[in-house]
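Asks: In case you want the letters, here they are:
Protein chains: 2
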Amino acid sequence: MRDPINPTDETARALVRQLLADVRFAALGVLHPETQAPYVGRVGLVWDGAAALTLVSTLSTHTQALLANPACSVLVGEPGDKGDPLTHPRLTLTAVAGQVDKAAHKAAWLKAVPKSKLYYDFSDFVMFRLMPTAIDLNGGFGKAFRLSPGEI
Amino acid sequence: MRDPINPTDETARALVRQLLADVRFAALGVLHPETQAPYVGRVGLVWDGAAALTLVSTLSTHTQALLANPACSVLVGEPGDKGDPLTHPRLTLTAVAGQVDKAAHKAAWLKAVPKSKLYYDFSDFVMFRLMPTAIDLNGGFGKAFRLSPGEI
Chain H
148 MRDPINPTDE TARALVRQLL ADVRFAALGV LHPETQAPYV GRVGLVWDGA AALTLVSTLS
208 THTQALLANP ACSVLVGEPG DKGDPLTHPR LTLTAVAGQV DKAAHKAAWL KAVPKSKLYY
268 DFSDFVMFRL MPTAIDLNGG FGKAFRLSPG EI
Chain E
148 MRDPINPTDE TARALVRQLL ADVRFAALGV LHPETQAPYV GRVGLVWDGA AALTLVSTLS
208 THTQALLANP ACSVLVGEPG DKGDPLTHPR LTLTAVAGQV DKAAHKAAWL KAVPKSKLYY
268 DFSDFVMFRL MPTAIDLNGG FGKAFRLSPG EI
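So the protein sequences, as listed, match chains H and E. Per this note's numbering, the first sequence starts with residue 148, numbered consecutively. Per this note's numbering, the second sequence starts with residue 148, numbered consecutively.
Next comes chain H alone, as it looks inside the complex:
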């Protein structure tokens, strides 16, 4: 089988930076806390320059999963309404989640996601910082790259 991963170049790095700068929500993959099977939910997500912040409710399965096991993955980059969605760039972060004090990130979060001021302070909402360990960029067919966090 041929290796589908291309050598990382500046175009790939720039695309990763753009996808991360633009992200406001994403698909979060975790291990279900009871079955240990994969489980994917939608979460609000903002990139802080080195890691992803997510604001989640403790009532959700994905939050209970992160509290039990911090290994996670995030799919970033939404297709538009036109064309084959699989030609639109997206990336997969492999990450490890750690809970952080949401009060310390409130100003930055609300600047990026102003509508979440309605629930930011709710007591069941907590914040995790997802530290990436690998970044798989898929810029469309034949445009796969694998980057380390230090490369972006």
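These aren't lab readings, by the way, just hints derived from the structure by calculation. We put the CB at the ideal spot given by N, CA and C, even for glycine. Be careful, since some hints might not be right.
Listed next, the in silico EDC-like pairs over lysine to aspartate or glutamate satisfying Cα-Cα at most 16 Å (straight line) [unchecked claim]:
no., chain 1, residue 1, chain 2, residue 2
1, E, K262, H, D231
2, E, K262, H, D228
3, H, K290, H, E157
4, E, K229, H, D169
5, E, K264, H, D231
6, H, K258, E, D156
7, H, K262, E, D228
8, H, K229, E, D169
9, H, K229, E, D228
10, H, K258, H, D268
11, H, K262, E, D231
12, E, K290, E, D156
13, H, K264, E, D231
14, H, K290, H, D156
15, H, K258, H, D169
16, E, K258, H, D231
17, E, K229, H, D195
18, H, K258, H, D195
19, E, K229, H, E157
20, H, K290, H, D150
Partial chain H-side listing against chain E, Cβ under 7 Å, derived [said to hold, decoys possible]:
no., residue
21, A174
22, G176
23, L178
24, P185
25, G191
26, L200
27, C219
28, S220
29, P232
30, K258
31, K262
32, K264
33, F269
The following label-pair restraints were derived from C-beta to C-beta distances [what the hints assert, rightly or not]:
no., chain 1, residue 1, chain 2, residue 2, range
34, H, G287, E, T182, 20 to 30 Å
35, E, D156, H, D150, 46 to 56 Å
36, E, E157, H, G196, 42 to 52 Å
37, E, T182, H, Q246, 14 to 24 Å
Once you have looked at the hints, place chain E on chain H.
Replies: The following block gives chain E in isolation, referenced to the frame of chain H:
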């Protein structure tokens, strides 16, 4: 902690059916074949009335993952461009994947996803059918439901 899951009603069932009828792509969560950590990728996806079909390349990490371990999860339902993305309905399928003969599903797939005729017959593309074991509907804040596949 209060139970965030509402009793299933006809409105919830109808919303699940609509989300599944409309799906053309989704976020697929799997266990990475080397690390066993969660891994999320974007895939083309079509609902056939009882299960989800996905057409994937064997060159991708998520396909290698499904070949090694059929436990998976799919996030279905894309937010529009306006409003808080977390108020838009989506659902999480928990599923088990089995490889199927893509030739047998070609007409139905191409009717739903005509643009994929460009690569449907490529030898590295294979098809899996994802049999759901549970359906978590999130219709927006306070609108969480949990359905069995038989309920829709």
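Asks: Hint by hint, say whether it matches the structure.
Replies: Verification of the hints:
1. Restraint check for K262 (chain E) and D231 (chain H): the C-alpha separation of about 6 Å stays at or below 16 Å, so the hint holds.
2. Proposed proximity of K262 (chain E) and D228 (chain H) is supported: the alpha carbons are some 14 Å apart, at most 16 Å.
3. A threshold of 16 Å between alpha carbons decides the hint, and for K290 (chain H) with E157 (chain H) the separation of about 13 Å falls inside it, so the pair holds.
4. Straight-line distance between C-alpha atoms of K229 (chain E) and D169 (chain H) comes to about 15 Å, which keeps the hinted pair within the 16 Å bound.
5. Note on K264 (chain E) and D231 (chain H): the hinted pairing holds, with a Cα-Cα distance of about 11 Å set against a maximum of 16 Å.
6. A distance of roughly 37 Å separates the Cα atoms of K258 (chain H) and D156 (chain E); the hinted pair therefore is violated under the 16 Å criterion.
7. Simply put, K262 (chain H) and D228 (chain E) have alpha-carbon atoms about 14 Å apart, close enough for the 16 Å limit, and the pair holds.
8. Pair hint K229 (chain H) plus D169 (chain E) holds up; C-alpha atoms about 15 Å apart against a cutoff of 16 Å.
9. The suggested pairing of K229 (chain H) with D228 (chain E) holds, with an alpha-carbon distance near 13 Å, which does not exceed 16 Å.
10. With a CA separation close to 15 Å, the supplied pair K258 (chain H) and D268 (chain H) stays within the 16 Å bound.
11. With a CA separation close to 6 Å, the supplied pair K262 (chain H) and D231 (chain E) stays within the 16 Å bound.
12. Pair hint K290 (chain E) plus D156 (chain E) holds up; C-alpha atoms about 11 Å apart against a cutoff of 16 Å.
13. Between the alpha carbons of K264 (chain H) and D231 (chain E) the distance comes to roughly 11 Å, so the proposed pair stays at or under 16 Å and holds.
14. Pair hint K290 (chain H) plus D156 (chain H) holds up; C-alpha atoms about 11 Å apart against a cutoff of 16 Å.
15. Distance check on the hinted pair: K258 (chain H) and D169 (chain H) sit about 13 Å apart at the alpha-carbon level, within 16 Å; holds.
16. Taken as a hint, the K258 (chain E) and D231 (chain H) pair is honoured in the structure, with Cα atoms around 14 Å apart against an allowance of 16 Å.
17. For the given pair, K229 (chain E) sits about 23 Å from D195 (chain H) by alpha-carbon distance, which is inconsistent with the 16 Å threshold.
18. At roughly 12 Å between alpha-carbon atoms, K258 (chain H) and D195 (chain H) fall within 16 Å of each other, so this suggested pair holds.
19. At roughly 32 Å between alpha-carbon atoms, K229 (chain E) and E157 (chain H) are farther apart than 16 Å, so this suggested pair is violated.
20. Between K290 (chain H) and D150 (chain H) the alpha-carbon distance is near 12 Å, which keeps this suggested pair within the 16 Å criterion.
21. For A174 (chain H), the interface hint holds, since its Cβ comes within 7 Å of a Cβ in chain E; the closest pair sits about 3 Å apart.
22. A hinted interface residue such as G176 (chain H) counts as satisfied when its beta carbon comes closer than 7 Å to some beta carbon of chain E; here the least separation is about 4 Å, so the hint holds.
23. Hint on L178 (chain H) holds. Least Cβ distance to chain E is approximately 6 Å, under the 7 Å limit.
24. Of the supplied interface hints, the one on P185 (chain H) holds, with its beta-carbon coming within about 4 Å of a beta-carbon of chain E, less than 7 Å.
25. Taking 7 Å as the C-beta contact cut-off toward chain E, the hint placing G191 (chain H) at the interface holds, the least distance being around 6 Å.
26. Here the hint on L200 (chain H) is broken, as its CB sits about 15 Å from the closest CB of chain E, past 7 Å.
27. The criterion of a C-beta within 7 Å of any C-beta in chain E is met by C219 (chain H), whose closest approach is roughly 5 Å, and the hint holds.
28. A distance limit of 7 Å between C-beta atoms decides the matter here; for S220 (chain H) the minimum to chain E is near 4 Å, and the interface restraint holds.
29. Given the 7 Å rule on beta carbons, the hint for P232 (chain H) holds: about 4 Å separates it from the nearest Cβ of chain E.
30. Taken as an interface hint, K258 (chain H) does not check out: its beta carbon lies about 15 Å from the nearest beta carbon of chain E, beyond 7 Å.
31. Nearest Cβ of chain E to the Cβ of K262 (chain H): about 4 Å, under the 7 Å cut. The hint holds.
32. Because the beta carbon of K264 (chain H) sits about 10 Å from the nearest beta carbon in chain E, more than 7 Å, this interface hint is broken.
33. Hint status for F269 (chain H): violated, given a least beta-carbon distance of 10 Å to chain E, over 7 Å.
34. As the Cβ distance of G287 (chain H) to T182 (chain E) is approximately 26 Å, the hint placing it in 20 to 30 Å holds.
35. A hinted range of 46 to 56 Å for the beta carbons of D156 (chain E) and D150 (chain H) is consistent with their spacing of about 50 Å.
36. Checked against the hint of 42 to 52 Å, the C-beta distance between E157 (chain E) and G196 (chain H) comes to roughly 47 Å, which is consistent with it.
37. In this structure the hint that T182 (chain E) and Q246 (chain H) lie 14 to 24 Å apart at CB holds, the actual value being about 22 Å.
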